[in-house]
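**Q** Each chain, written out:
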Amino acid sequence: MTLPLIIYRSLRQHALSTVITAGSIALACGLLMCVWMVKTQSQAAFTQTTTGFDAVLGARGSKLQLVLNAIFHLEASPGNVAAADFEAVRKHPMIKTAIPIAVGDNLRGYRLVGTVPELFTNVELVPGKKFSVVAGGKVFNPEAKEAVAGSFAAQRLGLKVGDTFRPFHGLAFDAKAEHADDYTITGILAPTNTPADRVVWIPLGGLQTMSGHDAKTATDVSAVLIQLRTPMAGLQLDLLYNKQGNRLTFAYPVGAIVAELFGKIAWFDQVLTLVAYLVALVAAGSVLASIYNSMSARQRDLAILRALGAKRRTIFGAVLAEAACIGALGAVVGFAIYFGLYAGIASLIRAQTGVVLDVAAGHPVLWICPLAMVGLCALGGVVPALKAYRTPVAETLAPVS
Amino acid sequence: MLTVVDLKKSFLSPEGERVEIVSVPEFSLAGGEQLALRGESGSGKTTFLNLIAGILAADSGRVTIDGAEMTALSEAKRDQLRAAKLGYIFQTFNLLQGYTVLENVVLGMSFGPRGADRTHARATLERVGLGHRLDHFPRQLSTGQQQRVAVARALANRPKLVLADEPTGNLDRKHAREALALIREVCREHGAALLLVSHDEEVLSAFETRKDFGVINCALTETRK
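Chains A and B are the protein sequences, given in the same order.
The C-terminal residue of the first sequence carries number 401 in this note's numbering, and the numbering is unbroken.
The C-terminal residue of the second sequence carries number 225 in this note's numbering, and the numbering is unbroken.
Excised from the complex, chain A in its bound form (with noise of 0.2 Å):
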């Protein structure tokens, strides 16, 4: 017990210290934590948020726009896909499912997307998973003016079955363009931890025709979201349309143009790493510093300890484990703040793409990070152990005049 009592006599002794310190190393473990897992687990969600499509087809342009705003629903849409093009797309005999989209309406800020019901009963977001209308409800009726909501959108707009309301015109909330038509909400769906979970889902129909909508355009789609046969097709469309054509965009795979997302934006989370990084430095010289300055006023006690038998490298080993104590609660102080700051960048993430990280996703650095925090302010301790191993014990002892 002699160790502990040394360590937990002196960390009191010096608290305000003691807990700056470990507040500075809480919060350099809490932010390397939070910007490596949002950083995984985040590139994880997205690039498997695919919601059991192989790939998209929409106007010519940008493939990731196209995926953005067709999957996860945010961008603008590059254009509009003829009708022609989509009947040749849904006849494909490589192609084994085609959902049109239109956009191009928002719901108090939540997007109106038109679709067929197909979406709903045909096809899996993962294998053996499909979306589902929680009971009480049921898909809308192509030729009504029906709407299913996603489970997100429902509850932050407080939709139930049997609602009505009047859709807004674009995608941004404008509470002077509102539709002359009135909807009623048939279904809720279960939640799918995907991005369409923040979406309010109309017949195709229902939005080509909204009032005020381009007549011309009435027959036109946003994009198309597509399962392929096989893998193989996916190589001979994107040869069709993306190589030979020049009026459309297919693109394919969803993930790995998503991952293409997170190579563009990988700049800032090494800005955000290094940050990290620094703080932990920082933290690990703010231990040497509060120890090391501590050790003239710790001297007196030193000297007392070895002159009742406490050995030098006891000494040394309690200013090591004392150094090593403070990592170690900082790091338990860190997940406090990594779990915080993740919840907080989960939910917010959620909020603005659907899109669900796993809070409770296990992760190497988890343990790597806080192991490494203790090691470092362990080294950080090094050199007041090392002045308090070299305590010269008479003088210190010899009483003062």
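Just so you know, these hints were derived from the structure itself, not from any lab.
It is possible that some hints are incorrect.
Here are the simulated DSS-like pairs of lysine-lysine, each with C-alpha atoms no more than 30 Å apart in a straight line [unchecked claim]:
#	chain 1	residue 1	chain 2	residue 2
1	A	216	A	243
2	B	8	A	311
3	B	174	B	211
4	A	311	B	160
5	A	311	B	77
6	B	8	B	211
7	A	176	A	160
8	A	96	A	130
9	A	160	A	138
10	A	96	A	243
11	A	145	A	129
12	A	145	A	160
13	A	216	A	264
14	A	387	B	77
15	B	8	A	387
Model the placement of chain B on the given structure of chain A, informed by the hints.
**A** The following block gives chain B in isolation, referenced to the frame of chain A:
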């Protein structure tokens, strides 16, 4: 119990000269014996005790405690021997201010072979009349009480030899007498030899056996010449 032969220690003065502080050709103390050494301030008494305790390394000579030659040991072994066989009562008590009374005594024991024994530490503190102050911190005690903690700490490990360096120097007459009586009594109970150094005639007069450090320490004799 304690034998000292040709023990020498010198220090470098600020002027760069080597000054001999301790030169004791011969000194001994039997088991359970209580001896008071008279010496003025600056006479090298504390250095002598520190050499016996192995806190300072001697330039030459031998110190043997209970058959173990302190001066032949490495520093780590000296620490071990000190923790096992010696109790040290300092003039300024040298209590650990951030630790409770009980913890001070427990820590004093923990480096010895018996290890930290809270029950025994508590019993020793009860013996010196501080059973009701176990969880107090030194600053919450009177000077006399702090001295009693120092006594309990020095004796809790059942040492063979207790060194007391001006143990009553910071106490008033009444408390000094009480503290001295307590130290002697507890040493007797534990069968520990006691070597006390002081310049206070009243303290010295309480001992049946007294010696003048000036006579034992040849370094002082040389300086006087």
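**Q** None of the hints should be skipped; say for each whether it holds.
**A** Results for each hint:
1. With a C-alpha separation of about 29 Å, the suggested pairing of residue 216(A) with residue 243(A) holds against the 30 Å cut-off.
2. Restraint check: the Cα-Cα separation between residue 8(B) and residue 311(A) comes to about 24 Å, which is no more than 30 Å; the hinted pair holds.
3. Using a Cα cut-off of 30 Å, the hinted pair residue 174(B) and residue 211(B) holds, with the two alpha carbons roughly 24 Å apart.
4. Restraint check for residue 311(A) and residue 160(B): satisfied, since their Cα atoms lie roughly 20 Å apart, inside the 30 Å limit.
5. A threshold of 30 Å between alpha carbons decides the hint, and for residue 311(A) with residue 77(B) the separation of about 9 Å falls inside it, so the pair holds.
6. Of the supplied pair hints, the one linking residue 8(B) and residue 211(B) holds, its CA atoms being roughly 19 Å apart against a limit of 30 Å.
7. Of the pairs offered as hints, the one joining residue 176(A) and residue 160(A) holds, with about 24 Å between alpha carbons and a cut-off of 30 Å not exceeded.
8. Our distance criterion of 30 Å between C-alpha atoms is met by residue 96(A) and residue 130(A), whose separation comes to about 16 Å.
9. The hinted pair formed by residue 160(A) and residue 138(A) meets the criterion: a straight-line CA distance of about 12 Å does not exceed 30 Å.
10. Using a Cα cut-off of 30 Å, the hinted pair residue 96(A) and residue 243(A) holds, with the two alpha carbons roughly 22 Å apart.
11. Using a Cα cut-off of 30 Å, the hinted pair residue 145(A) and residue 129(A) holds, with the two alpha carbons roughly 27 Å apart.
12. Distance restraint check for residue 145(A) and residue 160(A): the Cα-Cα separation of roughly 16 Å lies within the 30 Å cut-off, and the hinted pair is therefore satisfied.
13. Taking the CA atoms of residue 216(A) and residue 264(A), the gap is about 37 Å. The hint is violated against a cut of 30 Å.
14. Restraint check: the Cα-Cα separation between residue 387(A) and residue 77(B) comes to about 21 Å, which is no more than 30 Å; the hinted pair holds.
15. With a C-alpha separation of about 28 Å, the suggested pairing of residue 8(B) with residue 387(A) holds against the 30 Å cut-off.
In summary, the one numbered hint that this structure violates is 13.
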